[in-house]
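**Student:** One-letter residues, chain by chain:
There are 2 protein chains.
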Amino acid sequence: ALWSTFLKWIALGGVVGVLSGTASAFFLHSLDYVTNLRTNHGWLLFLLPLGGALVSYLYLKFGQNSAKGNNLILEQINEGQETIPLRMAPLVLFGTLVTHLFGGSAGREGTAVQMGGSLAEWFGKTIRIDADDRKILLMCGISGGFGSIFGTPLAGTIFGLEVIAIGLISHRALLPCFTSSFVGDLIATRLWNVHHLHYRIGTVPAVEMSIVLKVVIASILFGLVSLLFSELTHALKRGFTAIFQNPMLKSAVGGFLVIALVAIVGTRDYLGLGLPLIQQSFESEVSPFAFLWKLLFTSVTLGAGFQGGEVTPLFAIGATMGHSLADLLGLYAPFLAALGFIAVFCGATNTPIACFIMGIELFGSDAAVYLFIACLVSYLFSGHSGIYTSQRIGVSKS
Amino acid sequence: ALWSTFLKWIALGGVVGVLSGTASAFFLHSLDYVTNLRTNHGWLLFLLPLGGALVSYLYLKFGQNSAKGNNLILEQINEGQETIPLRMAPLVLFGTLVTHLFGGSAGREGTAVQMGGSLAEWFGKTIRIDADDRKILLMCGISGGFGSIFGTPLAGTIFGLEVIAIGLISHRALLPCFTSSFVGDLIATRLWNVHHLHYRIGTVPAVEMSIVLKVVIASILFGLVSLLFSELTHALKRGFTAIFQNPMLKSAVGGFLVIALVAIVGTRDYLGLGLPLIQQSFESEVSPFAFLWKLLFTSVTLGAGFQGGEVTPLFAIGATMGHSLADLLGLYAPFLAALGFIAVFCGATNTPIACFIMGIELFGSDAAVYLFIACLVSYLFSGHSGIYTSQRIGVSKS
Chain Z
217 ALWSTFLKWI ALGGVVGVLS GTASAFFLHS LDYVTNLRTN HGWLLFLLPL
267 GGALVSYLYL KFGQNSAKGN NLILEQINEG QETIPLRMAP LVLFGTLVTH
317 LFGGSAGREG TAVQMGGSLA EWFGKTIRID ADDRKILLMC GISGGFGSIF
367 GTPLAGTIFG LEVIAIGLIS HRALLPCFTS SFVGDLIATR LWNVHHLHYR
417 IGTVPAVEMS IVLKVVIASI LFGLVSLLFS ELTHALKRGF TAIFQNPMLK
467 SAVGGFLVIA LVAIVGTRDY LGLGLPLIQQ SFESEVSPFA FLWKLLFTSV
517 TLGAGFQGGE VTPLFAIGAT MGHSLADLLG LYAPFLAALG FIAVFCGATN
567 TPIACFIMGI ELFGSDAAVY LFIACLVSYL FSGHSGIYTS QRIGVSKS
Chain D
217 ALWSTFLKWI ALGGVVGVLS GTASAFFLHS LDYVTNLRTN HGWLLFLLPL
267 GGALVSYLYL KFGQNSAKGN NLILEQINEG QETIPLRMAP LVLFGTLVTH
317 LFGGSAGREG TAVQMGGSLA EWFGKTIRID ADDRKILLMC GISGGFGSIF
367 GTPLAGTIFG LEVIAIGLIS HRALLPCFTS SFVGDLIATR LWNVHHLHYR
417 IGTVPAVEMS IVLKVVIASI LFGLVSLLFS ELTHALKRGF TAIFQNPMLK
467 SAVGGFLVIA LVAIVGTRDY LGLGLPLIQQ SFESEVSPFA FLWKLLFTSV
517 TLGAGFQGGE VTPLFAIGAT MGHSLADLLG LYAPFLAALG FIAVFCGATN
567 TPIACFIMGI ELFGSDAAVY LFIACLVSYL FSGHSGIYTS QRIGVSKS
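Protein chains in written order, with my numbering: chain Z, 217 to 614; chain D, 217 to 614.
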């Protein structure tokens, strides 16, 4: 039984890895392309309301239950009542590219996870998999999408296991999720030539109580900001939906709001993924309240129903915030940017072990203890809220 | 509720950390002392039967339920029916020092975990803690003992969470266990001047399918050897107990068997913790079947009722085995020694995430993917067996 389980899940996880890694690679290359278009053609921003209305129309007309996004995947793993339509993959891919082409502020992990999940579901139906194995296959889809979109196969593995329920990791799907995430990353980087940006954490201070205390204080703030992001995004979603019954109108208004925000703040730095903001946090300077602006831009974009993930903006919020706090706390800016990068993400997704391991994969092991503290504290202080409303509470935080 | 829970567990976990870190430090310094005595005075080996009989007498006369060892701590966390006597701490400390003074082959983590657990229990009784919190405090004792005895605070944290049940991690005790493990390690190294040996993993091969396949093959063997170790030790325990009703006689016979093994193999390399074996695996040469000898010496020592842990001998078994396999598989010896070091330990304790993180803490992040594969595969192939018979099966492996 052991050998057959072993070989079975290497095969099934491997197939999901190939599917989700390929989807992620296609998505990442397209994302580069549309982001370049947007930065070279400033007028594209003014089409954001129209783009939003178009995508909302497509979801309304053809989406079935796809609009639930990541939550649909989590619900199916936790309850297993509905089905996940294959059309979710092209819809979320197209929708996210539209968001980024016209300058919405959003991420990419949601898109990768939804493509991975719907491709895994389609594959499972094709081979007539049973209900228990279907859940594992969906977790493979999450891991494969996450691992390949960020180039972090080990964080992808644990993310797929940890995101399902707050406070629990089950090793049941450890091998399947690892295989999918590992193969997905290999396929994306080796076969499809995806390159991931790297940031340097720089000098890591030795472990001393004064530094630990400062890191704890910063991490409490990271956790509270992730809570603010989750709650603001949910509130805007509720508000927009209550005011505008018509989803096309809702997204169009959201697009105009983003344009208005650009006019108010006087810069386009907060559009798109926010990769330049992250790079500046590690290498040069960012404005002190950049993290709040990025938070607001992203909450408005996603609250109005635009497609895209949350995680890369969360990285940008955390890195810029860490950079800003570094001066106040007397810590190195790249060091605190790295901690913010993973800690804000951790607070919003409630996945401390996955985020810690992502920190190791991105920044090496020099800061291991600090990375762990940042994830742990942010996890605790973000409360039971989070960006995934379908995440179960496995174990209470207090 | 969040703030009070946060501060409460930093305080309680911190106290357990101070207690278990101090106990570990005293133990490690004493262990150095008795190991030096043994290597300088060869005749001490011939007193091993007498030493074993003495310790078994003490456990019989004064031990109450202490003889259950680590399993008593695990049982109390899982069921909570009995109490853990404070005398467990001095008994296991004295018993382990006797084992090492006279040349038994055993480890130290069992001793550290039992001291940490019984001190945590004593502390919990003193402050009249309730039943739920008592379990968390016992997990702090495990984490504090483990983290401080090996100088790996993060692995100590996860070990305390993961060892309770096969296949599950609950984040319930994440903060308490981290605080205890982190403080325990700081107290041991900063206040009590404990130094830990470091081994270098050397050149790590780039990720390629041929190398991955070789690592998987080696890790299957690591898992099977950990299974062999667990089963042989349990079988010898049962056999010795069935043959010798008198525990003093049992341990004395075990002592004679170890002496006989030394005569047969013609070297004293397999006595004690096995740290020189580990060092040779990373830096020079070891005999091809060293791992089997170390396994046999340790199983006989522990099977006959001597006190001490299993983990450091498991490190030695894994490192020497990795070194021996490296030639056969065409891999670097220190690289495969590092993978064996954590993988055999992982298979025997069923704690893949803790072992992976220990690998990161000891060997850095260059080999992260290989360390993960080694832990995962060894975990799967060691079956549901393990050195801790009171570990629950949370999630089946196949």
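Some hints could be false.
Any copy will do: because identical chains look the same in the list, a pair fits if it lies in one copy or spans two.
To be verified - In silico SDA-like links for lysine to any residue, alpha-carbon gap of 25 angstroms or less:
hint	residue 1	residue 2
1	Lys277	Thr457
2	Lys341	Phe262
3	Lys224	Lys430
4	Lys453	Gly580
5	Lys351	Gly383
6	Lys284	Leu444
7	Lys224	Val428
8	Lys430	Ser220
9	Lys224	Leu443
10	Lys430	Leu402
11	Lys284	Leu253
12	Lys341	Leu261
13	Lys351	Gly610
14	Lys224	Leu437
15	Lys351	Val428
Since the hints were derived computationally from the structure, they do not count as laboratory data.
**Student:** Identify every previously stated hint that the structure contradicts and give their numbers, smallest first.
**Tutor:** Failing hints, ascending: 2, 4, 11, 12 and 15.
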